Amino acid sequence: MGRASKNRKASKKKKRNQVDSLILPSITKLSSCMQRDKQWDSIASLHENKYLTSTWSYNKICMGKHILKPPEMEKGVLATCLTVTHCGNFVVIGYSNGQVHKFNMQSGIYRGHYGKENRKAHKGALRGVETDLCNQRVITVGADDKLKFWHFKDATSPYHVLRLDESVNMTKCHRDSGLLALANEDFSITLVDIDTMNVVRKFEGHIGKINDIDFDCQSRWLVTSSMDCTICTWDIPSGQLVDIFSVEQPCTSLSMSPTGDFLASTHVGELGVFLWANKLLYDKVFLRPIDRKSIDIPRLNLPTTAAEKPD
61 MGRASKNRKA SKKKKRNQVD SLILPSITKL SSCMQRDKQW DSIASLHENK
111 YLTSTWSYNK ICMGKHILKP PEMEKGVLAT CLTVTHCGNF VVIGYSNGQV
161 HKFNMQSGIY RGHYGKENRK AHKGALRGVE TDLCNQRVIT VGADDKLKFW
211 HFKDATSPYH VLRLDESVNM TKCHRDSGLL ALANEDFSIT LVDIDTMNVV
261 RKFEGHIGKI NDIDFDCQSR WLVTSSMDCT ICTWDIPSGQ LVDIFSVEQP
311 CTSLSMSPTG DFLASTHVGE LGVFLWANKL LYDKVFLRPI DRKSIDIPRL
361 NLPTTAAEKP D
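Following the working numbering, the numbering of the sequence shown begins with 61 at its first residue and continues without gaps.
There's no promise every hint is true.
To be verified - For each label pair, taking beta carbons as the anchor points, the in silico distance ranges come out as:
(1) S317 / N195: 21 to 31 Å
(2) P318 / T365: 18 to 28 Å
(3) S354 / Q166: 30 to 40 Å
(4) G184 / V345: 25 to 35 Å
Simulated from the structure, these hints should not be mistaken for lab results.
Since the structure is predicted, the reported quantities are computational estimates derived from the model, not experimental observations.
We put the CB at the ideal spot given by N, CA and C, even for glycine.
Start from the sequences and build out the full structure, keeping to the hints where you can.
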């Protein structure tokens, strides 16, 4: 899809051996929605040590037209989290100074902020920002250990605030089921129902920083990866650990396929994306609760490519 630049036309004129000062640093986070992919940009990305956000078009396989910058931003402020709404019309971005800003994906126009005191939604840096399926609510989590629920249009003050017991590192929302997963700094995962605004589950078992979280298509399983080199699968209805395995290199990010057939993962020191097949599709497997402390965790090699053998 190319390289991100502050000025695409100027960067194209640069020769290969010339240093391009307009090139943006590496991308740290992505958010996308394919609802309006053929009409306008569908992907928004954050860049390392930058407060600006770039947009991309999956349909055109290139960088988009807009560089999103909030007005009157202080020096040294960084963009920490973002989410593209389910309709694909807006992107909501959280910053290290506690501000949350909203932009239009089609035009790139600034559409306002959340919070009225010094334009800040939280007293600390934003750790996560999510929206619901119908664009009625915005959920933000800050370093001040507060989970706030905002009306999407009325952004002056939150209509509900939930005090958290642990500091949050990252968030993941499954919009269809209304479940919000919070990766805590004590290596546990908290599950919040955004409809009732209550904590419904808490999973404990990792012994390292949680790198990524994802739900399966039916929101029955929660898959997590950690710096302890393990990938865990949690059964949400029972609140139990049902599968665990370890790998050579810690998994930095993961994603379940829309049908639940495969799990895609990336790992420290590896440039490729690795695919894991769901064993439930090929064999009878009975998922039983697992006690991590009482079993030997199986260690699996990363998937490799191999030529098919003729019959």
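For each hint, the structure was consulted:
1. S317 / N195: 21 to 31 Å: Holds: the Cβ-Cβ distance is about 26 Å, inside 21 to 31 Å.
2. P318 / T365: 18 to 28 Å: holds (23 Å)
3. S354 / Q166: 30 to 40 Å: violated (54 Å)
4. G184 / V345: 25 to 35 Å: violated (43 Å)
When held up to the earlier numbered hints, the structure conflicts with 3 and 4 and fits the remainder.
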